Amino acid sequence: MNLYTFLQNLINGLSLGSLYALIAIGYTMVYGILRLINFAHGDVFMMAVYFAFFLVTLGKVPWLISFVIAILAAALLGFTIDRVAYKPIRNAPRVSALITAIGVSFFLESFAVVVFSGIPRSFRNIYPKFLNNMLILGGHEEVKYGRNVIVGGLRIPIVSFVILIVTAIALVILWWIIYKTKIGMAMRAVSVDIPTTSLMGVNVDGVIGFTFALGSALAAIGGLLWATRYPQLWPYMGFMPGLKAFIAAVFGGIGSIQGAVVGGFLLGLTEIMLVGFFPKMAGYRDAFAFLILILILSVKPEGLLGKRSVVKV
Amino acid sequence: MPMKLSNRTNFILTVALVFFVWLLLFFINGHMNTYMIRIVSLIGIYGVMAVSLTLINGITGIFSLGHSGFIALGAYTSALLTMSIHQKEVTFILDKVAWPFNSVQLPFLPATIIGGIVAAVFSFLIGWPSLRLSGDYLAIATLGFSEIIRILALNLRSITNGALGLKSIPQYTNVWWSWTWLLITVLFVGSLVNSSFGRALKAIREDRVAAASMGINIFKHQLLSFVIGGFFAGISGSLYAHWLTTIDPRTTSIGVMLTFNVLIMIVIGGLGSISGAIIGAGLFAILTEWLRFLEEPMKIFSFEFSGIAGLRMLVFSAMFVMVMIFWPRGIMGRKELTWNTLYSKLRRGSGESNE
Amino acid sequence: MNEILKLDHVTMQFGGLTAVNDFNNHVREGEILGLIGPNGAGKTTVFNVVTGVYYPTKGKVLFNGLDITSLKPHHITHVGISRTFQNIRLFQDMTVLDNVMVAQHHEIATKDAEKYLVKIGKSKYGANSTWFWRSVFKLGYLRREKEMKDKALNILEKLGLRKLAAEKASSLPYGEQRLLEIARALATDAKLLLLDEPAAGMNPSESQQLVQLIKWIRDEFRVTIFIIEHDMKVVMGLCERILVMDYGVLIAEGTPDEIQENKKVIEAYLGEEWSHVAE
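Chains as they are written, first to last, in this note's numbering: chain W, 1 to 313; chain D, 1001 to 1355; chain H, 2001 to 2279.
Worth flagging that the hints you see were computed from the coordinates, not collected in a lab. Mixed in with the good hints, there may be bad ones.
Partial chain D-side listing against chain W, Cβ under 8 Å, derived [unchecked claim]:
#	residue
1	V1104
2	L1106
3	L1109
4	L1125
5	W1128
6	A1139
7	L1244
8	D1248
9	T1251
10	L1263
11	M1313
12	V1321
Given the structure is predicted, the values throughout are model-derived calculations rather than measurements. Beta carbons: idealized from backbone N, C-alpha and C, even for Gly.
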């Protein structure tokens, strides 16, 4: 692999990593508060993407406005799922909550199959064409097939940069919400101790609902960006990215937002680098995420940035 | 009237039931249409899947989401062994068939058993690292492993024929095979649960710390339960492959969807109950077939309603979530449908004049 | 007198917190030894170190001369130590009888562990394969099951719980639940019983009955008893020797009378202003 290819892979890896990071944050926030793995999280982003798709194709709404509406819709969906499915079983054993989350995920996927049909659709005509353009650095001109073509050098799709920029902006906004607003403080309090926080007069259920909404909005942003990079839509498109984002969250330290971000970037980088160095293993790229998961759970289960907790007997 | 039925009465009643069921199967096989017969076979297959999962999840309390991986292992292994050599050569167009499958063909029974053994071996290998993890992480780890198995199936083209999968698998499964295996599974697992080992497994489910303090080697017993569950999952996979006659590594066929389906069966039937698992399996099979009408074109009040694919699963998943919220114990909860429970219901029904 | 249990300079640290600091003492065979101290003194931690839940930062634990420091909890039970828990840890969804029978499972699930443990210091763990297959296929197993059942019923009878044998453990009244925990621990065939606050939540008449019961258990089952308790009437009436801990340190040892007069003990419980009571 030469320097150009390496840099290319690096940027691709970072951009994939930011997608994982955006989705992972939602998982980690919910787990931090409720100790629940929200299996339905990946499916929320799938719904957001489909929603944007239909707004543009059927509603003829301009793409930017569709995206914004889709993000808000995802936030609402996340909030609703918590209200309808998770809140009633707040005090049930955790296994029940997990199984319910699986059920909700299943429901959303079935819903998508019925309403959007299982035919894969393309997102390519939704977002502006310029995102597909390549930024080319270096390389040299050659005459090929009778035309002047630039060969070699660094080729990076503009969309990769856009992903990085949007992610950075989203993370800044998230940081501001969590550390500079009252609701953010409430979120931090709830993730530490629910009974005490409610005794302090905080509407815990409302804060939890907001957490779901916020995480879902981030997942929607991640999903829309994902669809620009991998433009095939199908009802189960959220399953694998969602699972990998969860792995990223565990990798970085479940319950910690910084961990989710770090884990997301590391996972994205590792995945791209793996395929870059071993192109023959490309079919196994998903399996690698799971191997990383099993490794980290065996060696350092609290994740890279997590703290080990001791259970009192 | 005595309070409890004696052991001998229990035994006689059970044998009578098995005999009766066999008679029923004989009748079904001879007199009902092919479609219904296939459904009855499927109930047997689902039953084995459900009982094997309930041993792991419901009785031992190990939240495993990897069941489809073991089912897949059993399915592929046995199918590769029962397909004729010629058939394999014709099917494998991407890569040539690997040894030993290119030169071996076995009858159904040994192939199924080998499928079960392969699944059991992988259960051991997967259980070893996974069972050291706690609840949620265990679930994700087992899910991860079953996905790895699926991805391997997708990529190891010389063994599994990759994305194309295996077609024209001989349709060996009939009501006898599936229900006999179900009987074997129930007898084995039931006998295990009704022994000291069963008590130990339940103790692990109830309180791991206390169970360890009472001398139970948690890890070994969990592994035991996991491997046995894996074995019967492999058996069910073989039965399933030879019922469906095709298998492929899509998520929706032998991937996570299958695990979710089996999970639905045992949750609705009652997590931790063997009879509940069978009831759940039966309900699932019957309901998914009955709800098929939702996907066919039909007339409602003179409106033409063309069927919508996937509506069944939508209804099912909605029902499942509602069951979890309002009725999490399922039909049987953790209790078994024993002769004693039926007997005491009869006693109560026939009047309390003697009390 | 034989030292059935010896804690040899045991220290237990969790990160920066020292829960047990250089605990050095022993339990004599056949005695009823009490361990008292204010909340958070580290008493349950001592039990957890003995039973293998924690591996001590420093020090050793010896059982009849055998080094059991690194053994896992289930091995500790094979060796002959059993316990009850501060917060009741019964198998809630199982019957009273099953709770007690489960405690006997380790006898068929492992080879003759004690001999092995003595030999190599580790157990060749695992489900004993012959008993596994025999229990599934019910070959010669039913007799074994009956033996276990009879023994369990016997213990329940002696503790006055026989009538409740078919009830779910979760449905028992609080006092009976505590008794069941003791019955379960006895069923493991332990020679040393660690009781963690067995009188917690009991009213005075129940706790008096408990004192008599524990003394009777010691004689009837020929076990040694190591007990953590907060109820002073129980401690003084039951224990022949008492150890006192405070902030992880063993601060006093002696007979009930000696402990009641001990200045450091009074300070630990009531604070320095009250230490003049001892004079």
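Close enough to count: is the Cβ of M1313/D nearer than 8 Å to one in chain W? Hint on M1313/D: holds, closest Cβ of chain W at ~4 Å, below 8 Å.
With 8 Å as the cut and Cβ atoms as the points, is V1104/D at the interface with chain W? 26 Å, violated
Holds or violated: the hint that L1263/D contacts chain W, with Cβ atoms closer than 8 Å. Because about 7 Å separates L1263/D from the closest Cβ in chain W, which is inside the 8 Å limit, the hint holds.
Hint check: is the beta carbon of V1321/D less than 8 Å from a beta carbon of chain W? For V1321/D, the interface hint holds, since the closest Cβ of chain W sits about 4 Å away, which is under 8 Å.
Under 8 Å is the threshold here; is the Cβ of L1125/D close enough to any Cβ of chain W for the hint to stand? 12 Å, violated
Would you settle whether the hint for L1106/D is holds or violated, based on the nearest Cβ-Cβ distance to chain W being less than 8 Å? With a closest approach of 29 Å, the L1106/D hint is violated.
Verify the interface restraint on L1244/D: the C-beta must sit less than 8 Å from at least one C-beta of chain W. 19 Å, violated
With 8 Å as the cut and Cβ atoms as the points, is T1251/D at the interface with chain W? Nearest chain W Cβ about 6 Å off; hint holds.
Does L1109/D hold up as a contact with chain W if the rule is Cβ-Cβ below 8 Å? 33 Å, violated
Does the nearest C-beta of chain W fall within a distance shorter than 8 Å of the C-beta of W1128/D? Check failed: Cβ of W1128/D comes no nearer than 10 Å to chain W, outside 8 Å.
Hinted contact A1139/D with chain W - closest CB pair below 8 Å: 6 Å, holds
Go through the hint on D1248/D and say holds or violated, using the shortest Cβ distance to chain W against 8 Å. This interface hint is violated because 15 Å lies over the 8 Å limit.
Of the hints listed earlier, those the structure fails to meet are numbers 1, 2, 3, 4, 5, 7, 8, in rising order.
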